[in-house]
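Assemble the complex: chain A is given as a structure, and chains B and C must be docked to it using the hints.
Top line first, the protein sequences correspond to chains A, B and C.
The numbering used here puts the first residue of the first sequence at 1, with every later residue one more than the last.
The numbering used here puts the first residue of the second sequence at 1, with every later residue one more than the last.
The numbering used here puts the first residue of the third sequence at 1, with every later residue one more than the last.
Just so you know, not all the hints are guaranteed correct.
Partial chain A-side listing against chain C, Cβ under 7 Å, derived [as the list claims (entries may be wrong)]:
1) LEU373
2) GLU601
3) ASP602
Lysine to any residue pairs mimicking SDA-like chemistry, simulated, CA-CA at most 25 Å apart [stated by the list, open to error]:
4) LYS147/C to GLU214/B
5) LYS85/C to LEU137/B
6) LYS454/A to GLU17/B
7) LYS164/C to ARG11/C
8) LYS362/A to PRO242/A
9) LYS362/A to VAL327/A
10) LYS394/A to GLN431/A
11) LYS29/B to GLY137/C
Since the hints were made in silico from the structure, they are not lab data.
Since we're looking at a predicted model, the values are computed, not measured.
Heads up, the beta-carbon is just placed ideally off N, CA and C, and yes, glycines get one too.
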Amino acid sequence: MTPYRTSYWCIQHVWIFYLLAAVAVGVFIFGLLIHVSVWTKGIKRQTIPFSWRGISNLFLDGLLGRRIFRGDVAAGTMHFLILWGFLGLFAGTILISVDYWLYHFLEGSVYIWYSACLETLGLMLMTGLVWSLIRRYLQRVPRLERRIDDVTVVALLCMVVLSGFLVEGLRLAAQTPDWAQWSFAGHWVSLLWANPQGALSIYPYVWWTHALLSLGLIAYIPFCKLFHILVAPASIYLENQPLQAILVETRGQDEEVFSYRDMIFFDACTRCGRCVEVCPSTGAGEPFAPRNFIVWSRNNLLMKYHPLSNFNWFTNWINRRYTQEQVFDHQKLWHCTTCRACLDVCPVYVVTPDAIRQARGKVVEQGTQIPPLLTQTLKNLYKYNNPWEATKKKRAKWSQDLEIPDLSKGEETDGFCYFVGCTTSMDIRAQELARSFARVLRHAQIPFATLGNKEPCCGDIARRAGEDGLFEKQMEDCVELFAHYGIRDVVTSSPHCFHTFRNEYPAFQALKPAEEQLDLRFRHYTLLLRELVTASSIMFERPLNVKVTYHDPCYLGRHNQIFDPPREVIAAIPGVQMVEMAHNRANSLCCGGGGNRIWQEDLDAEVKMAEIRIREAEATGAEILITACPLCLIMLEDACKTTGLEHTLQVMDLNELMAMALAPPASRCEALRAGGGQVLAIADRPGRW
Amino acid sequence: MDIVVCVRQVPEVADAELEINKEGTEILKEDLVMDINECDNYAVEEAVRIKEAHGGKITVITLGDEDCEDVLRTALAMGADEAIRIDEQGFELSDAAGIAKGLYRAIRDLSFDLLLTGAQSSDDGWGQVGLILAESLGLPYASLAVGIEIAEGKTIVHRELESNTREKVEIPLPAVLTVQTGINNPRYPSIMGIQKVRKIEIKETDSEELGLSEEDIGPMGSSVASQRLSLPAVGEGAEILTGSLGEICEQTAQIIRNKGVI
Amino acid sequence: MDEILVLVEHRNGELRDITFEMLTMANRLGRENNLAVTCLFLGHEASDLSERLKGACDTILLMQDPELANYNADPYLMAMETVIKRCKPVLTLIGHTAVGMDLAPAIATRLSLPLLTDCVEVNLEEGRLEVLRQIYGGKINARFSMKPSDQYLISVRTGSFESKVKQGKSANVETVHAPAWTTLKGRRFLGYLEAELEDVDIAAADILVSIGRGIGKPENIPLAQDFADSIGATLACSRPVADEEWLPKSRQVGTSGKTVRPKLYIALGISGAYQHQVGMKNADTIIAVNTDPRAPIFNVADYGIVADLLKVLPLLTDKFVKK
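Isolated chain A (complex conformation) (with noise of 0.2 Å):
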């Protein structure tokens, strides 16, 4: 007998389990369009352009969950059995009605591949759901949580899953049809009935159970952590669109800070917990963690625009639910340095640094929640141009004996403009980088200019802070000196400029007629000092012979990928042995200084950010530590202070390396005599590299 399946066997009534089916369609699409208009709430004002990216990443992320195995392959099998196995009985259920709706193909073998195919995704599903009990609350693994809402999920699924086998086994063991050994786990199930009428008597029940049950789970599923199922598409997708600039003066009275974007992201959060893990913040001990931030953004979104808001008994139950939970606040946000490490690891792509960022603004708007010393630099920063309220004639003291072309004088340069930055030229410490710059630049004959007193603040403090109205005054300021010296070639000591100057600027400057668009190319000086050993520009004067340690920047590292430049100037002075740290490229560690967390009170909790990095870079044995920024170099030469390491451990920036192993000017002399030009022969020069 060929082999096939009757739909609803023994199932009367059927009509209502199509109007069961309609009301559970029904709630479900409430549910969606609940979030749907939280979502229209939002700034509108973006676009989605189409991305290639955007659809390689939907089918390595989405599908195949590439990012939930990176660091945890375990948790990257457990949920690829889940996804697929769900979406393999979901593909399987939709075969069912099409077979009795519009096309019967589901006989033979046809029906035997079937069938057996369904049994193993049915069971990989199991297996998935299983495992995913034991690591929560057996293997209780640290990022995961063990709320109730947890719990109500997966057992749901269980309970779906096991139903089905049972309808499937009662069936079988009704039917006792010859092909049942095809469907495997449902006729092992069956031989718990020897008698096939004592399971005629219970199928229906169980059919109905299960029907009920599958129905539950799709109308459900809107209102718990399954949304994620609807959302992550739609949030993997969206990672990769470019900035959208929205000018402050466009603004509404009451626009909402999040974008629909961000509110997209939050929803599809499923609370994995990868980012508290990788969070500098919550490292720690700092009463942070992004995953609160997002579910607090949530909450807060979901009290003010959900349809039933006005009620209060809504309100007050969503407050009550959340309470407990509610272990994020206002004051909290300050903690974020925007170091991206939980971007980089969501499998959901979640930009927690620009939503807290926006959710700054708001905080800002309103005045009174801003850390006190955060408002003094911020309202230095508008009066004075910096954030340290040195008056502007000082911002060039750092170089008054180096005569540097100063274009604010009207002085010219056939090179680059150096943009120095308000840290570099101001703090004590951090002049070094540029004094050190200066020397290396002058050494390989590179032309340069500075701004002088003339030079602005970026804009990057006020940017982090939300207080985009002051950045973009800032912006103006810059790109109009820009424009006004004619510059089209920038050079930054900070990553922090350098990641503002040229992701962000571009967007608002797109926003402008053609006509007032600047061509400017934007580099960080590593970039240049690349540049520079690779055409052999640089001569050394001997090995240093130490052993040094690098420390990638957040902001030149995670944001901009720049990683191997200065791995390779390093490598490029002779007697340098480079070690890494345990977190290094792009697992590096936030020194704890940006985010604006070096221009306000200290947040610190038990331990120091910086401190715990430099227990990293002791490890290593190294005798110097080399950054590329100067805020970590402020930062960790700090912490190097208060861990009493200062003896053992020297903190340095790259220029500073640079500068101690160059060969004196008079030995240079000689090479260029011999070699002439800039591009010496340095190759047949024994020993030097």
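Chains B and C in isolation, oriented as in the chain A frame:
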């Protein structure tokens, strides 16, 4: 609870090296950053807090040139509702009484429950305008307020005295109070906030409109015949230690040991 | 004979130093210009207190009334009005204090008197008054020449003149009747609020390490604390630090804080505006650290270091910490 706040724009001198003009009558202000007088900033914040608690309207008023509009806009962004600027033409070289005359004429037709000014300004430091206004308006007053509570028809004020002491006084409203620093934590006026209040029109007036003549204000109306500025002698009194930082610290340590009897 | 009128300042049963400082200056002006010096004592049941003034002036005008028991601008204003109208003094002196700042401008307006506040030097010559004031936080000296006037009102900065109780005079006491309190505006004195119990009494310390705005942020305070600990000193501060609540108000040195007289006062990053100077200038030895060579603190300091305190502190601490 309608409040009027007098504010003044002053140069920030904390970190600056000041220079005096040739005539010796004024300091050179081109390179100096101008900002709201610190006490006045606290006064505006206090007014906004009172408004948030009791409702009402806040009017800020200043006497100065066009650049002083920045200060008014900052106050509006913090929460003030209306702003008035009295143009400074004619008021140059006025003494405190001259300035107060201008403010008085502009304020006397406004209706308010509370008039706040800063206790003194960081430039001339007269500390007079608030009280002159009070007397001119015939209102009760208190100066150096470091705490203000509003009750029914009256205000309870904590005044700052010397030696870490305070006194508590009760004054019926309407009243004039001068505000001392430290009374609260002034909020941050964001650029966006300042932009949002750009639409609020700043009422402008001048000495002519206020009916003040040359004899009332300016040098003719001032009780001062002439003023001469000079820089105080540098570090007169202190023996400035010289040498490298290490040497200076060694010398200092010696002094500390001797004088501190350690 | 024309006279100089000095308002006596007292609180809680004690005469305040500013009174005698003003009298010192008044007596000098009196000698130079042939003017008598009169004290005006407003109070209630305080005739003993007024006794102490006898050696420093020519006449003591005593006005006693329950309304004047504690300082209150309303009745004090009326009282001064009455007395000035009666005596028509060439010069009336009030201290630039919490009382003077609350009184002088109102008197000047009510009686149309020319007023200069916060003066550190006063000169009277042939009826023309010339004063010295400090402006821009003490960074600029301003010399004012006043237009001719029959009467002047001056408020005097505390600590600008010597305070001497016995000035070789013997005053007679005149009782003045209080006016009918007709134009009072309803201000009521409710009481004094003493400072809260504090952790440390900086006035009792032998060595004080005092920090000002130059400390930058509260995170740098431990640097100063370490230094203070290393030399057995107590940490104090100037007003801006207390306003920001980086240290409790009990640590504040200055006019609105405490006046201290330690053996050694080390001022770090304090500009030295007069309000602070008043609180510490009588210390035995003063060392000041400030990046601004023109900071007024160097005028009262014995030793000065023009450098960044954040660089100096670790080096200094090192010298005292036993390794």
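Comparing the hints with the structure gives:
1. LEU373: 6 Å, holds
2. GLU601: Holds. Min distance 6 Å.
3. ASP602: Since chain C brings a Cβ to about 5 Å from ASP602/A, closer than 7 Å, the hint holds.
4. LYS147/C to GLU214/B: Holds. LYS147/C to GLU214/B sits at ~16 Å (cutoff 25 Å).
5. LYS85/C to LEU137/B: 22 Å, holds
6. LYS454/A to GLU17/B: OK: LYS454/A and GLU17/B at ~18 Å, within 25 Å.
7. LYS164/C to ARG11/C: Status holds; Cα separation ~19 Å.
8. LYS362/A to PRO242/A: The hint holds at about 22 Å.
9. LYS362/A to VAL327/A: 19 Å, holds
10. LYS394/A to GLN431/A: Holds - the C-alpha atoms of GLN431/A and LYS394/A are around 12 Å apart, at most 25 Å.
11. LYS29/B to GLY137/C: 15 Å, holds
Taken one by one, the earlier hints all hold for this structure without exception.
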